[in-house]
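Asker: Chains as they are written, first to last, in our numbering: chain A, 1 to 395; chain B, 1 to 319.
Please keep in mind that the hints were generated in silico from the structure rather than gathered at the bench. No experiment lies behind these values; they were computed from the predicted model shown. A few of these clues could be false.
[As the list claims (entries may be wrong)] Away from chain A, derived, C-beta distances all over 12 Å, residues of chain B:
#1 56
#2 86
#3 93
#4 97
[To be verified] Some but not every residue of chain B turned toward chain A, in silico, with C-beta under 10 Å:
#5 30
#6 61
#7 62
#8 70
#9 74
#10 127
#11 130
#12 133
#13 147
#14 276
#15 292
Cβ atoms here follow ideal geometry from the backbone N, Cα and C, with glycine treated the same way.
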Amino acid sequence: MTEPHKPTLTPSADALEQAPSAPRQGRVQEAWERLSENRLALVGLAVFVVFFVVAVAGLLLTSGTEPVLDPAQIRLQEKLRPPMSSPLAEALTPEEAPDLGIFLMGTDDLGRDVFARMLQGAWVSLTVGFVAVGISVLIGIFMGGVAGYFGDRSLRRDQVAAAILFLIGGGLLASGLTGAGWVLMGAGLFYLVLMAPWLGRRFLTKRRHPTGASGLLLGRALSMDTLIMRFVDIMLCFPSFFLILTVVALLPASIYNIMIVIGLTSWMGAARFVRAEFLSLREQDFVTAARALGVSDWRIIFRHMIPNAVAPVLVSATIGIATAILTEAGLSFLGFGVPPPHATWGNILSDGKRFIFDAPWLTFIPGTAILIVVLSFNLFGEGLRDALNPKLRER
Amino acid sequence: MVSFIGRSVVQKTVTLFFVSVLSFLIIHLAPGEPSQVDPLNPKFTPEMVERFRKAFHLDEPLHAQYLYFYRNLLSGDLASWKDNRPVLAKIWERFLNSLPLFIVGTLITWTLSFPVGIRSAIRRGGIYDRSSTFLAYLLISIPGFFFAYILIILVVTRFHVPVIGMETFGMADATLPRMLMDRVWHLLLPSILGATGGIAILSRYVRSQMLEVEGQDYVRTARAKGLPEEQVHYRHALRNALLPFVTMFGLILPGLIGGSVIIESIFSWPGMGRMAYEAILARDYPVILTVNFLSAVLVLAGTFISDLLYMVVDPRIRL
Numbered sequence: 001m002t003e004p005h006k007p008t009l010t011p012s013a014d015a016l017e018q019a020p021s022a023p024r025q026g027r028v029q030e031a032w033e034r035l036s037e038n039r040l041a042l043v044g045l046a047v048f049v050v051f052f053v054v055a056v057a058g059l060l061l062t063s064g065t066e067p068v069l070d071p072a073q074i075r076l077q078e079k080l081r082p083p084m085s086s087p088l089a090e091a092l093t094p095e096e097a098p099d100l101g102i103f104l105m106g107t108d109d110l111g112r113d114v115f116a117r118m119l120q121g122a123w124v125s126l127t128v129g130f131v132a133v134g135i136s137v138l139i140g141i142f143m144g145g146v147a148g149y150f151g152d153r154s155l156r157r158d159q160v161a162a163a164i165l166f167l168i169g170g171g172l173l174a175s176g177l178t179g180a181g182w183v184l185m186g187a188g189l190f191y192l193v194l195m196a197p198w199l200g201r202r203f204l205t206k207r208r209h210p211t212g213a214s215g216l217l218l219g220r221a222l223s224m225d226t227l228i229m230r231f232v233d234i235m236l237c238f239p240s241f242f243l244i245l246t247v248v249a250l251l252p253a254s255i256y257n258i259m260i261v262i263g264l265t266s267w268m269g270a271a272r273f274v275r276a277e278f279l280s281l282r283e284q285d286f287v288t289a290a291r292a293l294g295v296s297d298w299r300i301i302f303r304h305m306i307p308n309a310v311a312p313v314l315v316s317a318t319i320g321i322a323t324a325i326l327t328e329a330g331l332s333f334l335g336f337g338v339p340p341p342h343a344t345w346g347n348i349l350s351d352g353k354r355f356i357f358d359a360p361w362l363t364f365i366p367g368t369a370i371l372i373v374v375l376s377f378n379l380f381g382e383g384l385r386d387a388l389n390p391k392l393r394e395r
Numbered sequence: 001m002v003s004f005i006g007r008s009v010v011q012k013t014v015t016l017f018f019v020s021v022l023s024f025l026i027i028h029l030a031p032g033e034p035s036q037v038d039p040l041n042p043k044f045t046p047e048m049v050e051r052f053r054k055a056f057h058l059d060e061p062l063h064a065q066y067l068y069f070y071r072n073l074l075s076g077d078l079a080s081w082k083d084n085r086p087v088l089a090k091i092w093e094r095f096l097n098s099l100p101l102f103i104v105g106t107l108i109t110w111t112l113s114f115p116v117g118i119r120s121a122i123r124r125g126g127i128y129d130r131s132s133t134f135l136a137y138l139l140i141s142i143p144g145f146f147f148a149y150i151l152i153i154l155v156v157t158r159f160h161v162p163v164i165g166m167e168t169f170g171m172a173d174a175t176l177p178r179m180l181m182d183r184v185w186h187l188l189l190p191s192i193l194g195a196t197g198g199i200a201i202l203s204r205y206v207r208s209q210m211l212e213v214e215g216q217d218y219v220r221t222a223r224a225k226g227l228p229e230e231q232v233h234y235r236h237a238l239r240n241a242l243l244p245f246v247t248m249f250g251l252i253l254p255g256l257i258g259g260s261v262i263i264e265s266i267f268s269w270p271g272m273g274r275m276a277y278e279a280i281l282a283r284d285y286p287v288i289l290t291v292n293f294l295s296a297v298l299v300l301a302g303t304f305i306s307d308l309l310y311m312v313v314d315p316r317i318r319l
């Protein structure tokens, strides 16, 4: 007695083989494998880790009222001692003596321990690099994301008009014409209140030709893509180092101003990368699928698109850190930025330049440190680019 | 073509307008005023400050100041606040000093990058390619001021020639060849320093362009029909790889102004960069804004020229 063949719910073995299966490795794992073949990039990563540890250690050892290694301790009788020299013991009081027993990297023209000062400066370089690039990446992702995702939507004419009212009003207020300024601001505000019920729902229009008489007022004026990309063009017109120098010189001396200014003037590259990625991702099936499921715009952007667009941003951020460290060093070499006596690698070198023939270590130690750190970031960034984008490596 | 020119001229004028507004706002909304630069100077009485503010329209509202500024700039009688000399004449004088640095630096960049880039593309993966790649990263990463001091130590201790400034002091009665050599030595180091970053970037770019062209079908065809390697590289590949570089003639234009602040400061070179730096320290707003404006003009003109050149050399491009 044979039973009739029944279709089963569990698929047979050969059907399993044909079924599409997920790739065996994640993308991160795959990229890591490619990265680990690149010896220079690995060296860069290792140097970066060491630099990070040194900078954190430097912050812990040299800050506070009773630092372990005092970067500001002046010993005039010990000035310009070469590296690895032991102190002239009889001339120093016990609290002036270097904690390591010797001056590992020598002393500067005030007898301050260069090793302690280098440790203190490492933290400045690290934070400037990371915070400045963090700011620029955030702005870049936001600008590029809006331009790429909402690029085909437009501001309506009435919105542009309201914005112009606000801008001119604000400008007049700032320049002292309070009467006219308040009138314009008031007109803008009145319009805003009038339109408030519609603002949230349809802020950006996609419609090409609104019908009726309202078309004149509610028509498309300026697409978001045009608006943001023209702004990028404007920002790219400024000579960057000169702009940073001007702003830093006008603002009060502080490390935070430098970070913010570098961040605000270097986001254009990231914005362009993110926009380009978003333009191509927007047309892909998984985004269409997400949209068909009714996923909201912001969730699509944050959960589906940004993770896929992050690779070029990561690469440009790594190289951006190198550039930011170089910029900060250049600024403190010119005497801007962190106010003395706080040490940075740039100002150790700048102080030491008067003694380049008598005390070359004051030039070479900070210079080499900057060189090695920046080089490692550049090498790691390039390695990352190859690893994340294997097609490029064919070239 | 004509519509492209018209469109981009309009677009670039609008961009330039916004750049001028933005730079004006950045300068004027920053804390501090030029009339407060030296409050401890006993000669700086309140009446002086008041007269100063009046003379430079600082007591007017901001938009009026903006109009005054750009009217004066365009009519050419904008004066520096520091020494009351016309800004354009001042910039022109410094520009002539920076020009030799720019020319020599550009020549060094372009004559070195192409051979290095082409060679490392042809010998891809070899010792030469890898070491020139590493060297390029090294040159990008080295801080300009550190490299400057290395070179100064090297030249001064090995060749015993002075290098700071534009010429050695007291060379007026020297013979002509001596004077020329002196000028060349003084010119050499800042030019090399100005060229380092350019060499590194440009040679990498030449290499990647060359590699891309070498992978094209017509290069394989040329090789397949038995042409000698030399001819494949230089007649088939190189000519096409050179195409994008024609446009770079436009993009080096912004380098004309600006100059390097750091390098000119180290070498006490009285060029544009140093003038801009001094203007920043003295809060000489007309000079700062004019330098900024001119460099924006050069950036826009440079991209315009490079677009045009691209259209001329590559008929496939239709903008």
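Asker: Using 10 Å as the Cβ threshold, decide whether residue 133/B counts as touching chain A.
Answerer: 9 Å, holds
Asker: With chain A as the partner, please determine if residue 147/B meets the hint condition of a C-beta pair closer than 10 Å.
Answerer: 8 Å, holds
Asker: Quick one, is the residue 74/B hint okay against chain A at 10 Å, beta carbons?
Answerer: Because about 18 Å separates residue 74/B from the closest Cβ in chain A, which is outside the 10 Å limit, the hint is violated.
Asker: Does the interface hint hold: is residue 276/B within less than 10 Å of chain A, judged Cβ to Cβ?
Answerer: Holds: closest Cβ of chain A sits about 6 Å from residue 276/B, inside 10 Å.
Asker: When you look at the beta carbon of residue 56/B, is every beta carbon of chain A farther off than 12 Å?
Answerer: Consistent with the label, residue 56/B stays out of reach of chain A, its closest Cβ about 15 Å off (over 12 Å).
Asker: Does the interface hint hold: is residue 30/B within less than 10 Å of chain A, judged Cβ to Cβ?
Answerer: 4 Å, holds
Asker: Against chain A, run the beta carbon of residue 130/B and see if the smallest gap drops under 10 Å.
Answerer: With Cβ-Cβ at 9 Å, under 10 Å, it holds.
Asker: For the hint on residue 292/B, just tell me whether its beta-carbon gets within less than 10 Å of chain A.
Answerer: 7 Å, holds
Asker: A closest beta-carbon separation below 10 Å is what the hint needs, so does residue 127/B meet it against chain A?
Answerer: Violated, because the Cβ-Cβ distance from residue 127/B to chain A comes to roughly 14 Å (cut-off 10 Å).
Asker: Double-check residue 70/B for me: the hint is only fine if its C-beta lies closer than 10 Å to a C-beta in chain A.
Answerer: 15 Å, violated
Asker: Hey, does residue 86/B actually stay past 12 Å from chain A on C-beta?
Answerer: 21 Å, holds
Asker: Could you check if residue 61/B really has its C-beta closer than 10 Å to a C-beta on chain A?
Answerer: Nearest chain A Cβ about 4 Å off; hint holds.
When the structure is compared with the earlier hints, violations turn up for hints 8, 9 and 10 and for no others.
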